[in-house]
Amino acid sequence: MVRAALGSGRRIGQGPRVGAEYIPAASVVVASMLSALPMVSTSGWYPDFGFLVLIAWRLLRSDPWPAWWAAPLGLANDLITGAPIGLSVALWTATMVLLDLVDRRTMWRDYWIEWALAALLLLLNETVERWIAGIMGAPVALASMAPPLLISIFAFPIAAWIVARLDRWRLGR
Amino acid sequence: MAPPRPGWSRRAQYGLFFSFLAVVAGFVIGLFLLVLSLVAPNTFQTVRGAALDVTGPVSGALHEVTATAKGLVSGAGNYWDSARQNAKLKAERKAMLQRMIEAKAILQENRQLKAALQLRERSRDAVAAGRIVGSSLSSPRRFAVLSVGTGDGVRVGMPVRSPDGLIGRVIDAGTLASRVLLISDRSSIVPARLLRGGLPVIAQGRGDGTVDVRPLEVGRNPFKRGDIVVTSGTGGLYPPLVPIARVVRLDDDGAIAVPLADPANTSFAVVEPPYEPAAGVPASSDSAETP
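For the protein sequence lines, the chains are A and B, in the order given. Heads up: the first sequence begins at 0 in numbering that gives the first Met the number 0, then just goes up one per residue. Heads up: the second sequence begins at 0 in numbering that gives the first Met the number 0, then just goes up one per residue.
Derived from the structure by calculation, the hints contain no laboratory data. Misleading hints may appear alongside valid ones.
To be verified - Footprint (simulated), chain A over chain B, 3 or more residues, beta carbon under 8 Å:
(1) 37–49
(2) 206–218
What the hints assert, rightly or not - Not the full set, but computed from the structure, chain B residues with beta-carbon under 8 Å of chain A:
(3) Leu32
(4) Ser135
(5) Phe142
(6) Leu175
Note that the structure is predicted; figures quoted are calculated from it, not measured. Beta carbons are placed, not taken as given, at the ideal position from N, Cα and C, and that holds for glycine.
Okay, chain A solo, but in the shape it has when bound:
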């Protein structure tokens, strides 16, 4: 033990960063803020950054934040992205409950199952968004849902990687 302590000085005094328990939630808000970047999209095929980072955190660990934090995080996302207020609040809390249920049922987890789960959640997110848009007088063709869905499914591993790195950094590992 002494030898290990002498060998690498950086192991000493290492631990969670200050405010480590708030970093996951903060990263979700930052991801939502990406939609304030000065990019103008005529097709709307960018992934839903906030939701992507939210499910990446929740699939990585069961306790990134108390589950009810999803409601204020969703409200922030609604306000930042200009979605109808309440859409992400309801959707994100429902996602939390859903993933708690899934956690009870699944016997084991691997990367492919997580990706499949994420794909299902993204499909749910996209469908509800489209359904609400239809109610608000903008019914979009079903075919136009496919490209953004595929893009966000393929963007999930990137989000998961970033979130895993962030998790290691915040815990000081």
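Assemble the complex: chain A is given as a structure, and chain B must be docked to it using the hints.
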């Protein structure tokens, strides 16, 4: 990965139970807010405006950076390609001069005809000019964020155009920034007409950056590839003769057109008052066009 079992601790059990209650409460509140914003879209106008005031200037400041970077890149490209561009521009200029003389003649004739008819020109002053600094990136709706707000006189319902053509109309207004419903949004319907022949048509967005144009009278498909669609001024919100879109593909009873004013490449967008003042009342224009 299983959720934490509380064990025998009463405190932990209650904590878990109350956090579950909080999640359910959050979900119910979310549903309530959602229903409220569906049934009464004007409820959250001030909140949404305030949120725009927070994010709008951020986008605006970042926009300067990206515009400068883009300008440097395209500037270097132009320099590289200057010989070929020069020749092309010379040819274009020659063609343009001819067209300009024709246009001048037409303008003169037009003025004489109008004088003969004693038509009064409606003067339209721009309310404000701003830049498009962002847009909805991941939603079936097509919105853009404009860098002017109520502080500059912008009100909900005002039409927005650029030198290239019609962009849309204002749906949320903060003090410093406003949100524009683009003409490519599914819920945007613009009364229009074909520039060639003047046939009345309807231009409705498709949600993917293009516009669906259909003739008002059912019958033979009147469109050809390359046709320009302009606003007709019917309804009184949009001013007449603003270019909207160019037809790129025909389908069975209409055509698909691409907006002439690309919001991604528009440097300045001008907010105008509603063409006929009566059309500017937000409640009526909203209920008429977005249910």
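Hint-by-hint comparison with the structure:
1. 37–49: Result for this restraint: holds, n = 5.
2. 206–218: holds (count 3)
3. Leu32: 3 Å, holds
4. Ser135: 6 Å, holds
5. Phe142: Status holds, d = 6 Å.
6. Leu175: Cβ of B/Leu175 sits 13 Å from chain A, so the hint is violated.
Hint 6 alone, counting from the list given before, is not met by this structure.
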